[in-house]
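> Next come the chains, spelled out residue by residue.
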Amino acid sequence: MGYDMREGTLVRWLKAEGTEVDIGDPVAEIETDKAVVEFESVAAGVLLRRLVSEGTTVPVGHPLAIVGSLDEEIPDIEDAPSPQENEFAIEEPPRTTSKAEEPVEELPSTIADDSETPAPQTSVRASPVARKLALEENIDLNQVSGTGPGNRITRGDVMAYKDSHPPAPPAPTAGTLPSPETLSNEQAPSTPPKFGEKVLLSRMRQQIARVTVKSKQETPHFYVSSEIDMTAAMSLRSQINKDLEGEGVRVTVNDLILKACIGALKKYPKFNAYFDEDGIRMNEEINIGIAIAEEEGLILPAVMNSGPMSLKELARASKDLADRAQSGTLHPQEYTGGTFSTSNLGMFNVSSFAAIIHPPQSAVLAVGRVSKKPIVDNDEIKIAETLTATISVDHRVADGAEGAQFLVEVKRLLEHPSFLLI
Amino acid sequence: MSLSTKNMDAELAAKLFELMCLIRRFEEESARLYMLGKIKGFLHLYIGEEAVAAGAIPPLREDDYIVTHYRDHGHALARGLKPNAIMAELMGKETGCSGGKGGSMHLFDTEKGFMGGYAIVGGQLPIATGLALAIKQRGQDQVVACFFGDGAVNEGEFHEALNLAALWKLPVLFFLENNLYGMGTHVERSRAGGKDIFDAASAYKIPAKQINGMDLSEVRETTIDALNRVRSGDGPVFLEAICYRFRGHSMADPSAYRKSTEVDEWRDKDPLESFKQTASQQGLLSAEDVLRISDSVEKTVKEAILFGEESARPPAESLYEHVYAE
Amino acid sequence: MTEITLRDAVSKGLREALDRDDSVFLMGEDIGAYAGAYVVTKGFFDEYGPERIRDTPISESGVVGAAIGAAMGGMRPIVEIMTVNFMLLAMDQIVNHAAKLRYMSNGQITIPMVIRTVTGGGASLGATHSQMFEGWFASVPGLKVVLPSDPYDALGLLRSCISDNNPVIFSEHALLYNITGDVPDEEYTIPLGKASVKREGADVTIIAYSRMVHVALEAAGALSTKGVSVEVVDLRTLRPLDVDTIIESVKKTGRAVVVEETWKTGGFAGEIVSTIQERSFDYLDGPVLRVGGIDVPTPYSEDLEAAVMPTPERIIDAIDNGFGL
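Chains as they are written, first to last, in my numbering: chain V, 4 to 425; chain P, -18 to 307; chain U, -16 to 308.
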């Protein structure tokens, strides 16, 4: 349910025991530290047993229910989650019991029968040549993702790992999200994990885990949300893009949000600061960070010194940043130098969410999708294009009222977008 | 019992008697060595059948071929293979006639035209036919003498070989040693046609004759006639020698399937004793000859045993030799 | 270069041998007046006469035994056994005698004999006429087992077989007689025990022999469109087996599939798989796979028979499932 979530409360069951569920069907409501969300089934079959009662808070990874066929025996599941084994929130019974009902993917007769059995979790499944190569190259196979059948690590996987991991890499610090020197070409697993399987942490995931745990442990987050009418901004955007046609640059919704944030940061520099033991330090420049989801995980590079940039320059710079993130040619300081961040899940059709602050920054703005909604304007209902923005703020740096002021400034700039051009 | 000594002078009588004695003593000593564990595997003794080998093989020409079965010591000795080399072979020594790789059932000496003892019953008949085919293809006048037992005549290979040899008029002497038992099964219990097996040859229009295999002279004279006929190019001839082995099928055979009285009856027809009597009566063999022959045979067999015992086992590297020809 | 069929290549090799060496002669069922069940010896009977093109009765054991004897007697017989299925009738002669006589006689006996036979299924001949037993014979020391897959190999290998001083089984696949290929006009031979890389590749090695080489090549062609580069090794002789070429290829690709027309259980493919894992375990990037005939007697009806045979599709599936390629 997201890398920044450790536990959640099961608020309400949406499906009774004995009901059929399909993959994607909502089965329960889970309250996170941000919202109540519907939890979707990750397995198809009959919901045989609920393992968690309403109101219980459980760690991420704890099995919530067993889905299978009516005639199968339900294995004993201990209440206390075992962090090693329970990677998925809905547990399928072990293969031995599910075989009768579920067409287990049968390997053809050309393969020895025992290759169907998953390798013991304690050992790595790797081909002989992959093992030999790993030994020669001093590579820990636990760090390598397998792309062969049954996620077997192949020679190619080890070679790819070796290429992306030059010998003796500098040990990454816990302070920042992954940077290109260490992680930019992390080998991505090409097959989705199977139920019951343990997915080994890539270095990027380890880094993300360290950073977000540090943030949530050390930084007291609070959250302020606001709905923003984007109608005017959207219209301005299409006008600008028409004018920019042929210049090789387009302004995105996110660019407008970045520009509005920069405007608000200029007015409220506390949000472009960081907390230190002896005071709150204002940064000299605005390096605005943009969360980019890559296959293996999140990166958060920044457009350096974005304060003086025009909207057009910002649009060009953010596009350039995204391109270079893709090609793995970002500069190290672009990874570590952000002073405020934005995270946009609009492309995933999300209405709203809250983000984790990236230390040592003091705030992050999270925005959802732009969608048409009926709003009341001067006592009239009209259709507007809106988005919901949520700012997460380090309470040590600012209080709720200040957070609200900042967000209202962002809202003002976006709802009166001509300010963005001045 | 009195036998003939037709066309035989004293020298030949002594020579053939000595051969029979050699075979007898060689086999008796082999049995002893087997009990001592110096000879391994299967050991099939020729005792009782000496007149067949001693009668049939000496008339062969030097360039003729012999192909035989696994009870082959007698044939090998009759063909002139060195007793030393045969005994060394039985003992699994590198000086053996098959280099220690063949054993009792697989004696070879191609220089003497002794093309082998064959241990798969009936398997040697098509091969003998093929040797005769080679002779015919080259237009030569050698003969192949093919020995087999009554057990072989119920194998398909027997009939296939007889058919091919007759069809192609090949120079084969098919020599059946009918000792009445295929292992422990009497011929009358194994063959629909009864014990007169030579009848089978008539199915292929092969001239055939049954003879007394205990009578050296009869075996010899019949074989000489048969060889002449075969060598003339008219195709194979079939001889059936009725004989008897005094010992079991092999050293492992307790002979429970036949009565001791039956064995005794046949022992009374012992080919050595009966030939000695006949030849002595006819003045071809003196008491001194018999003593001299006895001494000579003892010496030869003792020497063979000594040779075998003193010879080395085949070296390890010979394991891979001769699987293939270059 | 002349383009000829595999049938003509065999025919040419036999003629050459008959022309050059008086000790060479042919024998077999209906090879003479009938010209051969598969018409390989057409015209021979009139040209070389009934002594050198010797028609035999249907008498496999007798005929093979006679060939062994003739070879022992200094001839160089070439026997045709109409199909490999009938060789079971001559098993005693082939396995107990031909393969053993040289060794048992400590090198005194030499058997320069070729048994030509027709092998394989795929022609709706039912269970008794659609088999391949070369793997069995290949397990016997003393024999050599040769299976050409194209006219060039057929001629080059046959020349070596006829000049070899050992019993050699030369198996011609019934469905390959009419395939054509270029054969050099100048003399050449192919040594026994040398496999041929029929297609080079980097990702997977397919090891096959006889008709399965063509099936493997078809699979390789289809896989190349998927971006999978397949090397096809044609064993050509099962005994002596060219282990080095197999291992060299598998070390390069890291993946191997052995394809065999006959039954998978107890097949010769298992021997090769075993050798590969013994000799190149640390180079393997996946399990060594087998694609073989289905373990049933070959059925007569066309669709059923087709289901028994290894196909390019089955090879492709095996590679997909086994290696994720």
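Certain hints may be false.
Using 25 Å as the maximum straight-line C-alpha spacing, the simulated BS3-like pairs for lysine-lysine come out as follows [stated by the list, open to error]:
{"id": "1", "chain 1": "V", "residue 1": "Lys270", "chain 2": "V", "residue 2": "Lys414"}
{"id": "2", "chain 1": "V", "residue 1": "Lys269", "chain 2": "V", "residue 2": "Lys197"}
{"id": "3", "chain 1": "P", "residue 1": "Lys19", "chain 2": "P", "residue 2": "Lys(-4)"}
{"id": "4", "chain 1": "P", "residue 1": "Lys190", "chain 2": "P", "residue 2": "Lys19"}
{"id": "5", "chain 1": "V", "residue 1": "Lys165", "chain 2": "U", "residue 2": "Lys177"}
{"id": "6", "chain 1": "U", "residue 1": "Lys235", "chain 2": "V", "residue 2": "Lys165"}
{"id": "7", "chain 1": "U", "residue 1": "Lys177", "chain 2": "U", "residue 2": "Lys234"}
{"id": "8", "chain 1": "V", "residue 1": "Lys245", "chain 2": "V", "residue 2": "Lys375"}
{"id": "9", "chain 1": "U", "residue 1": "Lys177", "chain 2": "V", "residue 2": "Lys135"}
{"id": "10", "chain 1": "U", "residue 1": "Lys(-5)", "chain 2": "V", "residue 2": "Lys135"}
{"id": "11", "chain 1": "U", "residue 1": "Lys25", "chain 2": "U", "residue 2": "Lys(-5)"}
{"id": "12", "chain 1": "P", "residue 1": "Lys93", "chain 2": "P", "residue 2": "Lys63"}
No lab work stands behind these hints, which were simulated from the structure alone.
> Are the Cα atoms of U/Lys177 and U/Lys234 separated by 25 Å or less?
Roughly 18 Å between the alpha carbons, so the hint for U/Lys177 and U/Lys234 holds.
> Keeping to a limit of 25 Å between CA atoms, is the pair of V/Lys270 and V/Lys414 held or broken?
Since the Cα atoms of V/Lys270 and V/Lys414 sit roughly 13 Å apart, the hinted pair holds (cutoff 25 Å).
> So if I understand the rule, the pair passes when the alpha-carbon distance is 25 Å or less; does V/Lys245 with V/Lys375 pass?
holds (22 Å)
> Check whether the Cα positions of P/Lys93 and P/Lys63 lie no farther apart than 25 Å.
Given that 25 Å is the threshold and the Cα spacing comes to 11 Å, the pair holds.
> Are V/Lys269 and V/Lys197 close enough, with their CA atoms no more than 25 Å apart?
violated (48 Å)
> Are P/Lys190 and P/Lys19 close enough, with their CA atoms no more than 25 Å apart?
Violated, at about 40 Å.
> Holds or violated: V/Lys165 and U/Lys177, Cα atoms, limit 25 Å.
violated (37 Å)
> Can you confirm whether the C-alpha distance between P/Lys19 and P/Lys(-4) stays at or below 25 Å?
Judged against 25 Å, a Cα distance of about 30 Å means the pair is violated.
> Below or equal to 25 Å on CA atoms is what counts here, so check U/Lys177 against V/Lys135.
violated (30 Å)
> Could you grab the alpha-carbon distance between U/Lys235 and V/Lys165 and see if it respects the 25 Å cut-off?
holds (19 Å)
> Does U/Lys(-5) lie within 25 Å of U/Lys25 when you go C-alpha to C-alpha?
holds (11 Å)
> Run the distance test for U/Lys(-5) versus V/Lys135: straight-line Cα separation, threshold 25 Å.
Not OK: U/Lys(-5) and V/Lys135 at ~50 Å, beyond 25 Å, violated.
Of the numbered hints listed earlier, those contradicted by the structure are 2, 3, 4, 5, 9, 10.
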